[in-house]
Structures are given as C-alpha cells and as structure tokens.
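> Use the sequences and the hints to build the structure in full.
Note that this note's numbering has the sequence shown beginning at 1, numbered continuously upward.
Read the hints as simulated data drawn from the structure, not as lab findings. We put the beta carbon where it would ideally sit given N, CA and C, even for glycine. It cannot be assumed that every hint is accurate.
Subject to a maximum C-alpha distance of 25 Å in a straight line, what follows is the list of computed DSS-like cross-link-like pairs (lysine-lysine) [what the hints assert, rightly or not]: (1) Lys144 x Lys47; (2) Lys103 x Lys46; (3) Lys167 x Lys46; (4) Lys304 x Lys232; (5) Lys64 x Lys47; (6) Lys144 x Lys64; (7) Lys316 x Lys232; (8) Lys304 x Lys316; (9) Lys252 x Lys167; (10) Lys44 x Lys64; (11) Lys316 x Lys274; (12) Lys103 x Lys47; (13) Lys44 x Lys144; (14) Lys316 x Lys252; (15) Lys304 x Lys285; (16) Lys285 x Lys274; (17) Lys307 x Lys232; (18) Lys274 x Lys252; (19) Lys103 x Lys44; (20) Lys144 x Lys46; (21) Lys307 x Lys285; (22) Lys274 x Lys232; (23) Lys285 x Lys316; (24) Lys64 x Lys46.
Quick list of simulated restraints, FRET-style, between CB atoms [claimed, not checked]: (25) Glu10 x Thr214: 25 to 35 Å; (26) Glu233 x Ile11: 23 to 33 Å; (27) Glu216 x Ala301: 12 to 22 Å; (28) Gly186 x Lys44: 17 to 27 Å; (29) Asn123 x Arg202: 24 to 34 Å; (30) Ile251 x Ala180: 46 to 56 Å; (31) Lys103 x Asn123: 15 to 25 Å; (32) His212 x Gly55: 39 to 49 Å; (33) His275 x Pro173: 16 to 26 Å.
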Amino acid sequence: MTNEISHLLEIIETHRSFLLLSHVDPDGDAIGSLIAFALLIERKGKKAVAYDQDGVPEIYRFLKGCDRIVSVIPPAEHFEVAVFLECPDVRRAGTACSPFIEKIPLWVNIDHHMENSRFGHLNIIDENLSALGETLFDLYRESKEPMDSAVAEALYAAIMTDTGSFKYINTTPRAHEISAQLIRLGINPYRMYEEIFETLSRPAALIAARAHSTLEIDNGISCITITLDMFKETGSTADDTQEIVNLGRNIKDVEVALLFRETANGVKVSLRSKHNVNVNEIAVKFGGGGHLRAAGCTIEADMKHAKEMIFAAVRKALQEASGHARPNER
Numbered sequence: 001m002t003n004e005i006s007h008l009l010e011i012i013e014t015h016r017s018f019l020l021l022s023h024v025d026p027d028g029d030a031i032g033s034l035i036a037f038a039l040l041i042e043r044k045g046k047k048a049v050a051y052d053q054d055g056v057p058e059i060y061r062f063l064k065g066c067d068r069i070v071s072v073i074p075p076a077e078h079f080e081v082a083v084f085l086e087c088p089d090v091r092r093a094g095t096a097c098s099p100f101i102e103k104i105p106l107w108v109n110i111d112h113h114m115e116n117s118r119f120g121h122l123n124i125i126d127e128n129l130s131a132l133g134e135t136l137f138d139l140y141r142e143s144k145e146p147m148d149s150a151v152a153e154a155l156y157a158a159i160m161t162d163t164g165s166f167k168y169i170n171t172t173p174r175a176h177e178i179s180a181q182l183i184r185l186g187i188n189p190y191r192m193y194e195e196i197f198e199t200l201s202r203p204a205a206l207i208a209a210r211a212h213s214t215l216e217i218d219n220g221i222s223c224i225t226i227t228l229d230m231f232k233e234t235g236s237t238a239d240d241t242q243e244i245v246n247l248g249r250n251i252k253d254v255e256v257a258l259l260f261r262e263t264a265n266g267v268k269v270s271l272r273s274k275h276n277v278n279v280n281e282i283a284v285k286f287g288g289g290g291h292l293r294a295a296g297c298t299i300e301a302d303m304k305h306a307k308e309m310i311f312a313a314v315r316k317a318l319q320e321a322s323g324h325a326r327p328n329e330r
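Shown next, in the form of structure tokens:
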C-alpha cells in the first residue's frame, strides 16, 4: 500500500482543489477520516471541501475540525479531484452530490470494506484494517506532516468507533499501536470514550428505551424495531440509534442481532454477528455491505416484508454455519 499512498501524495501535490466525500449515515470512522484528510489538504495550501450528505451526527460534534464538514456543496465550487472515503461504491455517498462528482475528472477511492467495487482512478483498499483511520495515519506518516491534537482526535475517534472501543473482532495489534501513538500526542482517551459512548441526549435515551421494548429473540436471532412514529414521539433522529443494535448482540446465545429502522422510503437494516455468520454476505444480497461481523442495507419494502426477507437470509446462514467449528478469525 506504500506505493498507492505515494501516488496519492503526488496527486495532492499536483492538484489544487479537492472534494472529500463519505457515506450516508456517517459513523465515527467516516467523520474522523474526513476531518483528518481535510486538515492535511489545507496544510498543503490546497482547497478542500469535506462533504457528507447527512452531516455530522451530534455525538461527533465535539471533535475539532468537524465544522469543516458540510452537508451542502456550494454550487459555484469547482474541483479537480474527488476523494471517496469509506464508500464501497459511488452510490454510498448519496444522490445529492451526483451533479458535482460527474464533472470531476479524477477520482480517488480509499476504503476498507470487503465489497468495494474499486471504482476510482486510484484505489487504496485494505480489507485487513480495523478502520479507515489507519490509512489516514499512514498518509500523514508518509507525508511527513505533523499530527496535532485535532488530527489525533479525529483518527482516534475513527479507530475507536469502528472497533467498538477495541472490543470487536476486527481489533488488531496495529490498531492498539496506532492508538497508543495518538494518545502520546495528548488526546484524552477517557474523554473521547465518554463523549461518544456514554453521553446520551434525552431524545436518544427515550428512543433507546422504546426500541429496547420491541426486543424479540428467536433461535439465535435478536430483533429490535424502530418505527417513524417512535422517532416522532421521542423527538429523536436516526443519529440517536447508532448503538441500539448492540443490546441484541450482547444477549447470551444470540449469534445474529438485527435492527430494523423504518425510513420514508423503506427499512434500514443493521446486522451484527458474534462468531460464525458473515453478515456482510447477507447485506450484499440486499444492495448493502460492510464487514464480516457488522453490516447494513436498505430495503425498499414495508417493515413486514423487510423482516421476512432478512430473517429468511439469516436463518439460512445460521443453518449453513451450524455444526462448523468457530473459524480462526483475524
């Protein structure tokens, strides 16, 4: 990957304006990577617009530099390079940016998702990384640009959130080693954890309580349901639901946890597994994707039919996994 990063640094040196994009419903890895990349471009004396169609979720707004991320691209802007961060395909950046990216001649695709379609002119893809923040760390190291507290916080947030605060199976020695270097730069890991995982707004607490009351458990599958009416009643938003699926995953004897969230156009499904089911393969069948043990998709159907389709796929995956020894997992 060193050669690819060197190529990326050449692109940065030889171009002046960059549109940075990440996926809809952004998580901490998306937001942290956008901030870190934008700061690097600015330090090179170049123009960078960091964009996410859904903006910055409230739990990440404490990060320095998050004000650089916009949810509307200024119509008069012109860009020479589009950099897609954590987008397995172009559609994951959303539809609102399409008129802009179609006019940009050079696309850079940086990701760590298993199903990335390698749509860029330059593709930097490493499925073995715990978080895309690791690639941004390598980019800073290769560029010789110093990392200040804003960069360190952004990268630590990226790695901490994608590893579930270093407890998910994708946590690697390298993730810990990079995080240790970021802590040495002066960040406060307890404060970071508290802001992201232990600070709930009143609407977030109310929607969590309502969602947890819908919990169902059936033969190794847990299911939590969130409807549009529940959002309206609690004054909450989709940003307030990111951690809710983990309740189902934490239950003894549950192998696959599902969260069904009703949207205006269908149902957003979050899938988590513990040991033997590749939820990425399930999500891909429905136009989504993610990682081995954490994935998601959106189904254009009502709640009843969305559940029927997902449950059928999960039950089939559980049947195929039954009787097999737990695989060696990295």
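> A separate judgement is required for each hint: does it hold in the structure or not?
Against the structure, the hints come out as follows:
Under the criterion of a C-alpha separation no larger than 25 Å, the hint pairing Lys144 with Lys47 is consistent with the structure, at around 19 Å. For the hint pairing Lys103 with Lys46, the CA-to-CA distance comes to about 19 Å; that is within 25 Å, so the pair holds. A threshold of 25 Å between alpha carbons decides the hint, and for Lys167 with Lys46 the separation of about 38 Å lies outside it, so the pair is violated. With a CA separation close to 20 Å, the supplied pair Lys304 and Lys232 stays within the 25 Å bound.
Between Lys64 and Lys47, the direct Cα distance comes to roughly 18 Å. Compliance with the 25 Å bound is thereby established for this hinted pair. Taken as a hint, the Lys144 and Lys64 pair is honoured in the structure, with Cα atoms around 21 Å apart against an allowance of 25 Å. Taking the CA atoms of Lys316 and Lys232, the gap is about 35 Å. The hint is violated against a cut of 25 Å. Using a Cα cut-off of 25 Å, the hinted pair Lys304 and Lys316 holds, with the two alpha carbons roughly 19 Å apart.
For the suggested pair Lys252 and Lys167, the alpha carbons sit about 17 Å apart, so the restraint of at most 25 Å is met. Between the alpha carbons of Lys44 and Lys64 the distance comes to roughly 19 Å, so the proposed pair stays at or under 25 Å and holds. A C-alpha spacing of about 16 Å is found between Lys316 and Lys274, which places the hinted pair at or below 25 Å, so the restraint holds. At most 25 Å may separate the alpha-carbon atoms for a hinted pair to count; Lys103 and Lys47 meet this at roughly 17 Å.
Proposed proximity of Lys44 and Lys144 is supported: the alpha carbons are some 11 Å apart, at most 25 Å. Simply put, Lys316 and Lys252 have alpha-carbon atoms about 21 Å apart, close enough for the 25 Å limit, and the pair holds. The hinted pair formed by Lys304 and Lys285 meets the criterion: a straight-line CA distance of about 18 Å does not exceed 25 Å. For the proposed pair Lys285 and Lys274, the alpha carbon gap of about 20 Å is at most 25 Å, so the pair holds.
The hinted pair formed by Lys307 and Lys232 meets the criterion: a straight-line CA distance of about 22 Å does not exceed 25 Å. At most 25 Å may separate the alpha-carbon atoms for a hinted pair to count; Lys274 and Lys252 meet this at roughly 11 Å. Restraint check: the Cα-Cα separation between Lys103 and Lys44 comes to about 24 Å, which is no more than 25 Å; the hinted pair holds. With a CA separation close to 16 Å, the supplied pair Lys144 and Lys46 stays within the 25 Å bound.
Pair hint Lys307 plus Lys285 holds up; C-alpha atoms about 14 Å apart against a cutoff of 25 Å. Straight-line distance between C-alpha atoms of Lys274 and Lys232 comes to about 32 Å, which puts the hinted pair past the 25 Å bound. A hinted pair counts as satisfied when its Cα atoms are at most 25 Å apart, and Lys285 with Lys316 qualifies at roughly 13 Å. For the given pair, Lys64 sits about 19 Å from Lys46 by alpha-carbon distance, which is consistent with the 25 Å threshold.
A hinted range of 25 to 35 Å is violated for the C-beta pair Glu10 and Thr214, which are about 52 Å apart. Between Glu233 and Ile11 the beta carbons are some 49 Å apart, a value that contradicts the proposed interval 23 to 33 Å. With their beta carbons about 19 Å apart, Glu216 and Ala301 fall inside the hinted range of 12 to 22 Å. At roughly 23 Å, the beta carbons of Gly186 and Lys44 sit within the given window of 17 to 27 Å.
For Asn123 paired with Arg202, a C-beta distance near 43 Å fails the hint of 24 to 34 Å. Here the CB-CB span from Ile251 to Ala180 is close to 33 Å, at odds with the stated 46 to 56 Å. A C-beta distance of roughly 21 Å is found between Lys103 and Asn123, which places it inside the suggested range of 15 to 25 Å. For His212 paired with Gly55, a C-beta distance near 26 Å fails the hint of 39 to 49 Å.
The hint said 16 to 26 Å for the Cβ distance between His275 and Pro173, and at roughly 21 Å that hint holds.
Of the hints listed earlier, those the structure fails to meet are numbers 3, 7, 22, 25, 26, 29, 30, 32, in rising order.
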